[in-house]
Structures are given as C-alpha cells and as structure tokens.
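Residue numbers (our numbering): 36 to 400.
Possibly wrong hints are sitting among the right ones.
Stated by the list, open to error - Think about it this way: if two alpha-carbon atoms lie no more than 25 Å apart in a straight line, the pair counts; the simulated SDA-like pairs of lysine to any residue are: (1) LYS275 to ASP297; (2) LYS392 to GLY91; (3) LYS272 to ARG316; (4) LYS55 to GLY95; (5) LYS99 to GLN109; (6) LYS55 to ALA74; (7) LYS312 to ASP296; (8) LYS99 to GLN156; (9) LYS392 to LYS99; (10) LYS55 to GLN65; (11) LYS55 to LEU188; (12) LYS37 to ARG384; (13) LYS312 to TYR352; (14) LYS312 to ASP279; (15) LYS272 to THR282; (16) LYS37 to GLY261; (17) LYS312 to VAL324; (18) LYS275 to HIS286; (19) LYS333 to ASP296; (20) LYS312 to ALA294.
Said to hold, decoys possible - Quick list of the computed label-pair ranges, beta carbon to beta carbon: (21) GLY82 to ASN348: 34 to 44 Å; (22) ASP393 to SER223: 21 to 31 Å; (23) ARG271 to ALA103: 49 to 59 Å; (24) GLU289 to ARG53: 41 to 51 Å; (25) GLU200 to HIS306: 37 to 47 Å; (26) PRO353 to ARG53: 14 to 24 Å; (27) PRO144 to VAL276: 31 to 41 Å; (28) LYS99 to HIS306: 29 to 39 Å; (29) PRO218 to ARG332: 43 to 53 Å.
Treat the hints as calculated values from the structure; they're not laboratory data. Glycine included, C-beta positions come from ideal geometry on N, C-alpha and C.
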Amino acid sequence: MKEIRNIIATYDAMDHARNKAALATVVSVQASSYRRIGARMLVQSSGEWVGGISGGCLEGDALKRAQAAIFRDQPSIITYDTMEDDEHQIGVGLGCRGRIEVLFTPIDPADEHNPIEVLRQCVPRREASILLQLVGDEAPASLNGRLYTPATLTDMARDTGLNEEELRTAVGVTLEAGTSQLPTLRTSAGGNRQVLCEWLRPELQLIAVGDNYDVDAFAGIAREMGWILRLIGTPRKLSKVLFDLATSVNHYDEADQLALDDFTAVVLMSHDYERDKQMVRHFLPLQPVYLGMLGPRKRLERMHEELAAEGLNLAGYPRLFSPIGLDIGAESPEEIALSIAAEIVAAYRQRSAGFLKDRTGSIHA
Numbered sequence: 036m037k038e039i040r041n042i043i044a045t046y047d048a049m050d051h052a053r054n055k056a057a058l059a060t061v062v063s064v065q066a067s068s069y070r071r072i073g074a075r076m077l078v079q080s081s082g083e084w085v086g087g088i089s090g091g092c093l094e095g096d097a098l099k100r101a102q103a104a105i106f107r108d109q110p111s112i113i114t115y116d117t118m119e120d121d122e123h124q125i126g127v128g129l130g131c132r133g134r135i136e137v138l139f140t141p142i143d144p145a146d147e148h149n150p151i152e153v154l155r156q157c158v159p160r161r162e163a164s165i166l167l168q169l170v171g172d173e174a175p176a177s178l179n180g181r182l183y184t185p186a187t188l189t190d191m192a193r194d195t196g197l198n199e200e201e202l203r204t205a206v207g208v209t210l211e212a213g214t215s216q217l218p219t220l221r222t223s224a225g226g227n228r229q230v231l232c233e234w235l236r237p238e239l240q241l242i243a244v245g246d247n248y249d250v251d252a253f254a255g256i257a258r259e260m261g262w263i264l265r266l267i268g269t270p271r272k273l274s275k276v277l278f279d280l281a282t283s284v285n286h287y288d289e290a291d292q293l294a295l296d297d298f299t300a301v302v303l304m305s306h307d308y309e310r311d312k313q314m315v316r317h318f319l320p321l322q323p324v325y326l327g328m329l330g331p332r333k334r335l336e337r338m339h340e341e342l343a344a345e346g347l348n349l350a351g352y353p354r355l356f357s358p359i360g361l362d363i364g365a366e367s368p369e370e371i372a373l374s375i376a377a378e379i380v381a382a383y384r385q386r387s388a389g390f391l392k393d394r395t396g397s398i399h400a
C-alpha cells in the first residue's frame with residue numbers, strides 16, 4: 036500500500052495540463068519474479084517515474100512502453116520472458132527465469148473512474164480490497180486497464196459479457212484465499228476471458244506501547260514500512276519526531292480508544308511489568324494479528340501464572356509473542372526494532388521466517 040500511496044501522491048502533484056501519465060501494472064507472473072501481481076509503476080510523459088515492476092531490470096524498457104501508451108492513448112500488454120537464454124529479451128541477463136505480463140494504461144484525469152481514482156478508494160479501507168480487470172490477448176482494447184471492484188460487478192458484467200454470478204464467486208474465492216487469483220470465466224457469447232482478481236491488503240496498523248528511547252528506532256522502521264503507527268505512552272516523554280511519525284498518540288489509560296482489526300499488530304515495549312500486564316489484559320481478548328511483548332521468557336512465565344489465576348490463558352493464544360523478534364543476534368535498539376518488524380511481517384504473512392536458502396520451492400509460494 037505504501038507504493039500505491041506514493042503513486043497517488045505523485046499523480047496528484049502533476050501538472051496534468053502539461054504532463055501526462057501511464058500506469059504499468061504486473062498482471063501475470065509465471066515462475067520466478069522479483070515483484071508479484073499488482074506491482075505498479077507510474078510513468079510521466081516527462082520521463083519521471085515512481086514505483087517499480089521488477090528489481091530494476093525492466094524499468095528502463097517499461098518507461099519507453101509507458102510513454103508509447105501515452106502517445107498513442109491506448110493500453111497495451113507486454114510480456115517479458117526470461118525463461119530461456121534469449122539475448123534479445125529484456126532482463127534475460129539477470130537469470131531470473133520467469134515470465135511476467137505488464138499492462139500499460141494511459142491515465143485520463145477527466146475520467147473519475149481511471150485506475151488511479153479506483154486505487155485511491157482502496158487506500159483508507161481497513162479490510163482487504165478486490166480489484167478486477169480483464170487480462171490476456173482476448174480482452175478488448177477498450178477494456179484494458181479498466182479496474183472494477185465488487186461494488187461495480189454489474190457494470191463489469193455488462194461491459195465484458197461475463198456472468199455476474201461467476202464474477203461474484205471469483206471475488207469470494209479470492210477473499211477466502213487471501214491472495215490474487217487469475218480465473219478463466221465464460222462470456223454470454225460462449226467464449227472465455229481471463230480475469231485478474233487482485234487481492235489488495237490494507238496497510239498494517241501498528242500499536243506501539245511505550246515511551247522509552249527504543250520506541251524512536253521502532254517508529255523509524257514502521258515509517259519505512261509504510262505502516263500506520265499509533266503510540267500509547269506518556270505524551271510528555273515522547274520526542275517531537277514521534278509525534279510527526281505517529282497517526283495518533285494516546286495515554287496509557289486511553290488504550291480502549293483504539294480500534295483493532297484483522298490487520299493490526301500490537302507491540303508492548305514499556306519496560307514496565309505491571310503496565311505490560313495491564314495491556315495484555317486489554318489487548319489479548321481483542322486478538323490482534325500479532326501481540327508481542329519485550330522481555331525475557333521468565334517474565335512471560337510469571338505473567339502467565341498471574342493472569343491464569345484471573346482466568347486469562349496466555350498459552351491458548353498462538354499470536355502472543357514473547358520474547359519478541361527474530362533471532363538475528365540483535366543488540367542495538369535499531370537491530371532489535373528490525374528483528375521485531377521482521378517477525379511481525381512473518382506472522383502477518385503466516386511464514387516461518389527461516390533462511391530462504393533453506394526453503395524448497397518458490398520463494399513467494
């Protein structure tokens with residue numbers, strides 16, 4: 036979502052009377068690829084761009100393709116194939132051994148339903164968004180780059196000839212899977228069309244509880260990740276930088292004013308045992324996707340015994356992490372913050388967080 040925010044901010048800052056734009060979107064990936072479905076890059080006719088569709092090997096060619104789409108005022112789909120050692124293929128020298136399709140869509144600022152405006156609607160949502168679009172060579176040129184949402188499936192069925200119920204089923208499957216899907220659906224004329232159902236997760240909301248100096252390092256990592264940062268602590272003890280980085284700042288006794296959802300992580304770093312225990316009492320029943328608490332294992336064991344006497348079973352909550360952080364040998368506040376942030380991502384994506392060199396199969400599977 037951070038990339039989408041950057042794209043929207045760049046688009047809004049453009050002088051559309053003098054400068055035009057096109058959006059490059061990865062719509063299909065086979066085998067290995069640095070970026071996945073939904074990676075985006077906004078290209079201006081002036082040659083400036085933001086975002087990315089690869090690790091840097093395709094952006095130069097994508098810039099030219101996007102400018103061509105702007106000049107012709109017509110979308111196009113380009114396949115980048117590095118499966119074989121073809122010296123004429125862009126990016127083949129990197130040995131990625133993958134194939135991706137990229138859709139280049141010129142943006143019409145006068146169209147209130149252009150892709151940028153549809154993406155804008157997704158940013159504030161606190162639940163997963165689904166974006167649908169036709170892909171493949173059989174898609175009519177007039178519909179290439181047109182984004183639909185579950186709210187506009189009736190329009191999509193009318194425009195494409197696809198069955199609305201099949202579209203709704205595809206949306207349901209995508210939501211259930213929690214990952215983008217590429218089903219082939221039937222048209223009313225008896226043909227088939229491929230539909231990209233993109234699953235777009237909202238920004239992770241991070242609630243950090245504490246007001247010591249290590250919160251500053253953790254907040255810096257959260258900013259780089261593009262997370263929504265909410266702080267709980269003693270406001271007078273927090274630095275000005277933290278007030279600039281945080282979306283909200285609340286006192287310890289105002290924790291109940293923060294709303295949690297399926298995309299919220301909570302980190303307790305107050306270095307105060309009784310305060311952390313109070314926060315565990317509050318947050319554990321709310322079941323954030325991640326609840327982490329700084330401190331040694333013996334501290335957690337003591338808290339487990341005391342809260343068990345109150346009827347709160349910490350052992351029955353698999354999303355409680357303490358000690359927190361991945362085992363990377365972290366020592367400084369910055370390294371500890373990095374290890375915690377990495378653990379949050381792993382828990383959020385339901386991954387084991389081991390060494391990729393030891394992983395069998397696809398990195399992204």
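Outcome for the supplied range 34 to 44 Å, where the beta carbon pair is GLY82 and ASN348: Taking Cβ atoms as reference, GLY82 and ASN348 lie about 59 Å apart, which means the hint is violated.
Cβ separation of PRO144 and VAL276, checked against the hinted range 31 to 41 Å: With Cβ atoms ~36 Å apart, the hint holds.
25 Å limit on alpha-carbon distance, applied to hinted pair LYS272 and THR282: The hint holds at about 17 Å.
Pairwise hint evaluation, ARG316 against LYS272, where the allowed Cα distance is 25 Å at most: holds (24 Å)
Hint consistency between LYS37 and ARG384 [alpha-carbon to alpha-carbon, up to 25 Å]: holds (17 Å)
Assessment of proposed distance window 37 to 47 Å (beta carbons of GLU200, HIS306): violated (55 Å)
Restraint status (C-alpha distance of LYS312 to TYR352 at most 25 Å): Holds - the C-alpha atoms of TYR352 and LYS312 are around 15 Å apart, at most 25 Å.
25 Å limit on alpha-carbon distance, applied to hinted pair LYS312 and ALA294: holds (19 Å)
LYS99 paired with GLN109 [C-alpha distance capped at 25 Å]: Distance of about 14 Å is within 25 Å: holds.
14 to 24 Å as the expected CB spacing between ARG53 and PRO353, which holds or is violated: violated (55 Å)
25 Å limit on alpha-carbon distance, applied to hinted pair LYS55 and LEU188: Violated - the C-alpha atoms of LEU188 and LYS55 are around 29 Å apart, more than 25 Å.
Pair hint LYS312 and ASP279, alpha-carbon separation not exceeding 25 Å: violated (28 Å)
In summary, the structure is inconsistent with hints 1, 8, 9, 10, 11, 14, 19, 21, 22, 25, 26 and 28 from the numbered list given earlier, while agreeing with the others.
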